[in-house]
Each structure stands twice: as C-alpha cells, then as structure tokens.
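Trainee: In order, the protein sequence lines correspond to chains X and B. My numbering numbers the first residue of the first sequence as 1 and each following residue consecutively. My numbering numbers the first residue of the second sequence as 1 and each following residue consecutively.
Do not rely on the hints blindly, as some may be mistaken.
Stated by the list, open to error - Far from chain B, by Cβ distances over 10 Å, these chain X residues were calculated:
1. 40
2. 155
3. 171
4. 184
5. 199
6. 335
Said to hold, decoys possible - Computed beta-carbon distance windows for the label pairs:
7. B:322 - X:449: 43 to 53 Å
8. X:103 - B:324: 31 to 41 Å
9. B:171 - X:103: 46 to 56 Å
Claimed, not checked - Covered stretches of chain X, going by a simulated chain B footprint (3 or more residues, C-beta under 8 Å):
10. 9 to 23
11. 403 to 412
Quick caveat, the hints were computed from the structure, so don't treat them as lab data. From the three backbone atoms N, C-alpha and C, an ideal C-beta is built for every residue, glycine too.
2 protein chains.
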Amino acid sequence: MSVSEDVRNMKSVSPLVASADSAVRNEALRLAALALKEHQDEIFEANREDLQRAEKAGIAPAVMKRLKFDAHKLSDCLAGIDSLMALENPTGRITLHRQLDEGLILKRVTVPIGVIGIIFEARPDALVQISCLCIKSGNCAVLKGGKETASTNKVLFTLIEQAAIQAGLPKGCLLQVSAHSEIDELLTCDDSVDLLIPRGSNAFVRYIMDHTKIPVMGHSDGVCHTYVDKAADMDLAIPILIDAKTQYTAACNATETLLVHRGIADAFLPKAAKALAQAGVKLRGTQEVSEILARSASLSDCDLAAESSAASAPYPSGFAAEDIMTEEDFNTEYLDLVLSVKLVDSVEEAAAHINRFGSHHTDCILTQDDEAAMRFMALVDSAGVYRNCSTRFADGFRYGFGAEVGISTGKLHARGPVGLDGLVTYKYLLEGSGQIVADYASQAKQFHFKDL
Amino acid sequence: MSVSEDVRNMKSVSPLVASADSAVRNEALRLAALALKEHQDEIFEANREDLQRAEKAGIAPAVMKRLKFDAHKLSDCLAGIDSLMALENPTGRITLHRQLDEGLILKRVTVPIGVIGIIFEARPDALVQISCLCIKSGNCAVLKGGKETASTNKVLFTLIEQAAIQAGLPKGCLLQVSAHSEIDELLTCDDSVDLLIPRGSNAFVRYIMDHTKIPVMGHSDGVCHTYVDKAADMDLAIPILIDAKTQYTAACNATETLLVHRGIADAFLPKAAKALAQAGVKLRGTQEVSEILARSASLSDCDLAAESSAASAPYPSGFAAEDIMTEEDFNTEYLDLVLSVKLVDSVEEAAAHINRFGSHHTDCILTQDDEAAMRFMALVDSAGVYRNCSTRFADGFRYGFGAEVGISTGKLHARGPVGLDGLVTYKYLLEGSGQIVADYASQAKQFHFKDL
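Extracted from the complex, chain X is given alone in its bound form:
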C-alpha cells in the first residue's frame, strides 16, 4: 500500500481511536512498556547494527551518543511511560457547559486532533516518547524517524504498535514510514492528516512548512535574545549569559544575540567579553561594540601591562573587520559558540529589535527594575519571555509538562513547548429535544443562556 492509502485508512480508523476509553489507551502504554522490557535484547541488538553503520559512515561522536539506545535510555523511556500513564486524560474534559434554552444543552469537550504526522531526528527514545504521547492523547500517528536509527526504530515501532492493537486499539492506528520519498507523499495528504510536527534542522522544517497545506506545528528558527538592561545585576547577568549561550549551543533555545543598554555597556561589555572568551565564545557585533571592547582592552593593557603578556590578553581588543555586523545580520541562528552583540537605548528599543529580528521563540531581560521587566515582558511578542534566568529553560520537561512533542513558534493553537495539551482540540456537543431555529428567529422562543 502507498503512504496515501495507509494514511486514508488511518483517517477512517481515527474516530475509533479517539473514542476509545482512556483505560484502553493506558493499557496500550502498559503493554508497550512491558514489551520494551521483555524484548530489550532484540532492541539493543538492532541498535548495535545502527551504531556500526554510523561508525562506518564516520558520524561524529556527539551524534553517535544520540543514536545510542542502551539500558540507561530504556530505563528513562520506561520511567517516561510510567509518568505518562499517571497523567490526567487530556481528552473528554468539559471546558464549557451551558444551557442555551430549556432542554437545549451545549458542551465543549476536548477531543484528540486525529491524525498527526511527526518527523523527528535520529533518536530512538524520541520514537518511544512521541508514539506514547499520541496513544495517551487518542491520536493516530504517522512516524518518520531519522534513517541513522532505522533498525532500532523498526523494532521499537513494531513492539509499540503490537501493544496498541493488543490493548484494543484498531489496526492502522500507528504507521511508520522510512523512505525520504514517503515524506513528500505524506505532505500531499492534506485530506487525511490534521497536523504535521517536523523536528530537525531549520532548513528541513522550513522545507516542510513551504511544501504542504497541512497545518505545521514547530519552529524553523531559534534566534533567542538576552537583553542586559541598565538596571541589571552584573553578578547574575554573566553566569546567565554564559549558560544561555554555551550550555548547549545546538539547542533552539540557546541565546544568539546579546542586547546591552548603552547606560551599562562600558561597565558590562568588557567583563562579559572576558567571560565569554574564556568559555570559547566568539563575538560579532556592531562597530560601536567593537570600539568599546578595543577601548577597554587598551585601557587594561595599560593597567595590567606589568602582569599580562600580549599573547594571553584576557580582553578581546575589538573585532576583526569580518565580525562587524550590519543591521540585517541580526537574524542569524549560529547554533555555535558565536554571539551577536548590539547596544540599545531602552527596553522599548530592545523589544522592537527582538520583535523584528527574533524568531518569537524565547527572549530574556536581565534587570532588577520591576517596571522595565514588566514593560519588556508585555512588549516582546515571543512564546517565552523571561526575566533573570537562562533562555535554555524553554523546554517541556523544565516547564513540568512531563514530556513534549516539540516547541512551537507559531502563535495559533499551541505556543512554546508543546505537551499533551497541544495534541487535543475540542468539539461542541449540543443536545436538544426538538428545538428549531425558526422559533427563535420569529421570537416565538427566546434563548435563556445559563452556564451549568
């Protein structure tokens, strides 16, 4: 069968999944955990194949770590399934209950979205997490994982699919696609797929967004900012900035641009530049920033001439010409130990820069001034707006959601880290006893609204 046929079939069974009792869905999770444990040797063996192939292909050690699925990762997965089972059922919640007139009762009830396509990176634990989130929320899922872990994915998928069917969910409620060409076919299935969640490189996510009519949830860019206000506490600011930039540079919530209030720039920038240089961060920025650093470096050269040799100068002495930025460079996501730097005159200017050049992901103000913080948090139009902490906190686990399917920079439906809540929608149920609109149009009857 082709992907389109499979997905059309999935669409037709999706109401059965949606209306399955939450006990059935939890039983599917319980059986999945059991199967993963029982078949762990099979899983580890498949993973060894993947790792050997990756090693031959010369894949970098840091990436290899993500491909690996060992006893430690399995135990994390099992703990994750346990906590997912304990979470409240996200469907069937009544969010509105209203009498429209006597005997005419309206309810708004949360329901699964339906059919969700998720394209994710080569990490076997992601397959477990995502498929279990979909089962818990009553959704059907089309899964496409990274090809580097194809063997592991195949074993994991089969175990979880069998557990779902054994628990009573209909055949076809989960689907794995593996060829890259199948993604293109999936993108055309806008009649059957309700939502796509692509994870991966910016270019890839952008490609998905540009080539489908299916709604897409995710983020292509993560240009996050840390703004050091004139009322910042410098002792807090530098560790936060180092964490935001360097704790995991490849993450979408790592800070890419440092904005500094002109009123604190002379005092703050040299200190920050020193700390950043020690952490291996290369600065790029405006001419003005370069001049401040050059000035402070020459001052410090004088002050410290006796102690410090030119070779180990702790202060960067301005930028090389290629590191001087123009305005239009400020939308760069480095995902590396590089940081853009710019000065601003006010909270308002910082917010305007962020709204224009940022990606509406996560942006932070460092300040002890409550009013400046409030203003910043009101003006910045991002999924996460922070004060006095690292932008790296933007994450479903750190928000206490238990698990996340991704982070959305879109403004509709779900924004920021997306957990179970983002995988449901609602429908309106109206129960009457023969009511017709003509009676209300002619005013023979009147509505009597009453929330129940």
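Following the hints, put chain B in place on chain X, whose structure we already have.
Mentor: Relative to chain X, chain B alone:
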C-alpha cells in the same frame, strides 16, 4: 504607502496595542459608539450612495437588504458594542501558574494574536462588529469589506479608527484596504500578518487558503448532515429536518444531506418527502431511495385514488434519472432547496459517511436512543455534533458568545463558532533570580514543581 508597508508598520505597533490597558480598549469602544451615533446622518448618506449604485447594478433585493445600514442596524450595532464592553477582557488571563523551583515562577498568560486580516462580505454592520472585536481583544486589524458598501465602509472605518486613536491606541492599529488587488498583496505578508479570517463564498475562501502562507481560520464548505436513526421520534424529526434544510438555505450550517437508517426508511422517507416537497425542497439521492419513494407513491395512489388527483400528488414518485446520485456526489453543498438522501445500516455507517463526505462543520443525529446518540457524538469528527435539534444552531450568537468573527472547520486553535476566545493566544512568562540550566543538568539543583 503600499499594503505591505502599512502592514509592516502595523506589526511594529501591535505590541503597543497588545499591552494597552483594557480600560483604553473599552474607552475606544465607547468613543466609537458615540461617534457612530453622532455621525449617523453622514453614515446613512454614504449608505444611500451605496444602495443607489447597487440598484443601478441590478443587485437582487435579498442582497440589497444586507447592504442597507439604517437606524435599525445602527441601533443593533450600538447594542453590540455595549455588550462587548461588558464582556470580560479576554487577554491577561493566567491559565497556568507554576513554581519550577524556588524563585523560578512560570505563568501562562493569554495575549492578543497580533495582526489579523479579515476579509468579509458587503455588510456594513460586519465592519463595525469585526473591528470592535479586534479592539476588545487587543489585536490590530486589516479590514477588507465587500466593494458594494465601499462608501458606507469608508465612513464607518474612519469613525472607528479615530475613536481608537483618541482613546490612546497607536496610529496604524486599524487599516482598511479596498482594492481587490490589495488582497493579493496582503496574502504575501506572512512576516507581518498572524492570521487571516476570510468570509464569503466557498470558492473565495478556498482561493485564500490556497494562496498564502499565513494561517487561515474559516470554512470553505458547509456540508452538514442530519441522520435519522432507527430510534428517531418522527414527530420531532420532520420539523427539525425542515428547519435544518429550509430556515436559511444560504447558510453554511444548513443541512445538505439526509441520512436515514434502513430500519426506519419505509416509514420515514415518504412522510419526510411529502413535508420537504411542501416546503419546496427537491430531493436527490440513491437509486434505493428513489425506489422507496416510487413504491410508496404508487401505494398511496391506490389508497388515495378517490381523494387525490394525479396533478396534486403529495408524494414524489421516485426521482428523475438526473437526480439519482452516485457515491461521489455526496460532497455537494447546494446552498439551495435541494437535499441529498442516502440510507445506512447503522450509526457507525452514518458517522463514517459524514467523516468522509462532510466538511467537519455541524452534523446531527435524531434519535431517542441514548446509546446511539453517544456513539454518534463520539464518532463524528465535526466542530459541532448535535442530537435532536436543527444544524442551524451552529452560530456564535446562538451559543451565547455575544459575537462571532466566523465559524472554523479547521481543527487547530479555534473550532466551530469563533468569538473573542479565538482571537487570543498565550505566552509563557518566566521570572527567575539568576537560575541557569547547567545547575539542573549537573543535578546540583533539582526542579520543585508546584502549581500556585
């Protein structure tokens, strides 16, 4: 200035609108109502121009009624603004308040979406309603109304815009575009426009959906179903069916397809066909339906031969060949006094037909059987699923929302009739006191989640 420049400017002022106090927004509404009242002669004069132009163009009387803006419509608009002012502010609501760790507090707060483009039919009262909904919810709005009421729209828009600015909202928070070519330019502004709400013909809405990267909220089709279950109360069923089909045939929530359980078809169909024929409804349907009607007509001819003449035969005697439908015809939205008819064997088959051929708008079961009703309401994947009442109830006013911007058949963000709630999104605000992720990654610190 071009539309793109105007809209880019709007995007840059939108955070100021979003962060304006709700008192400022209500003041804008109050001033708008005042201005509409004070300048009513000017408005009526502009409307007379529109009506004269429409009359010359030979526009149908039913449409002319919608173009008209008189004292009665003005008073409806003013009452609408009054009730909007009284509604709770939809922004600034805290929907999550959680301690992540000591001194690290997360809030999820509702905020305006930002910049919304709304393209609506030639109805001056729609301009007032839509712009006021946007002001109330803190959104900037680009408005494009039907060209038939261009003169009225211009006066109304100017009055409301001036009121908004006088109340303290920034210049550029509202924008009116009038040329059709400007819509195409608007569709390209995906950097500045957060949401498009097109209202109008199916073909037009479909065109918008197919030609922009901006998220679109609305519905292109309204293929609604009424399913008469075998346990239906026929005395309730017929008036409901007549209302659902005929009370306003041009509405998206009018029933287009009648599904009937085979177990009740012989008893129900002839009665329904008679009532529908009397209401001027023409039936189309499957061969089987045609045969039942032909059979019952010939039976009734015998029974009633003495009383009824052939010319006034109250029962349709089957369909003409061109009214026999094949499976694929069942996705037709007639918006006219025509009804598709098909028989099914079960609630499940009815739901499967609706999910396949419907438009996920509003569908109803007529039954006295609670279990059948529950099953239907769980299986049908539509914005509204009803029991024992007319599909015509799908409407923001009838749901008690006070006002609506439209009805969404999409499943993400907002579904069904969309009121103020659909015009907001949320952001996460995180306030810390120096927290960095490295401390939690190294387990030097642990999260202590606590909902506040």
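Trainee: Would you mind marking each hint as holding or not holding in the structure?
Mentor: Right, here's what the structure says about each hint:
1. 40: Holds: least Cβ distance 26 Å, greater than 10 Å.
2. 155: Its Cβ never comes within 10 Å of chain B, the nearest being 30 Å, so this holds.
3. 171: 16 Å, holds
4. 184: Since the minimum Cβ distance to chain B is about 18 Å, residue 184 of chain X lies beyond 10 Å and the statement holds.
5. 199: For residue 199 of chain X, whose nearest Cβ neighbour in chain B is about 18 Å away, the distance exceeds 10 Å, so it holds.
6. 335: 16 Å, holds
7. B:322 - X:449: 43 to 53 Å: Check passed, 46 Å falls within 43 to 53 Å.
8. X:103 - B:324: 31 to 41 Å: 39 Å, holds
9. B:171 - X:103: 46 to 56 Å: The hint (46 to 56 Å, Cβ to Cβ) holds, given that residue 171 of chain B and residue 103 of chain X are roughly 51 Å apart.
10. 9 to 23: holds (count 7)
11. 403 to 412: holds (count 3)
Taken one by one, the earlier hints all hold for this structure without exception.
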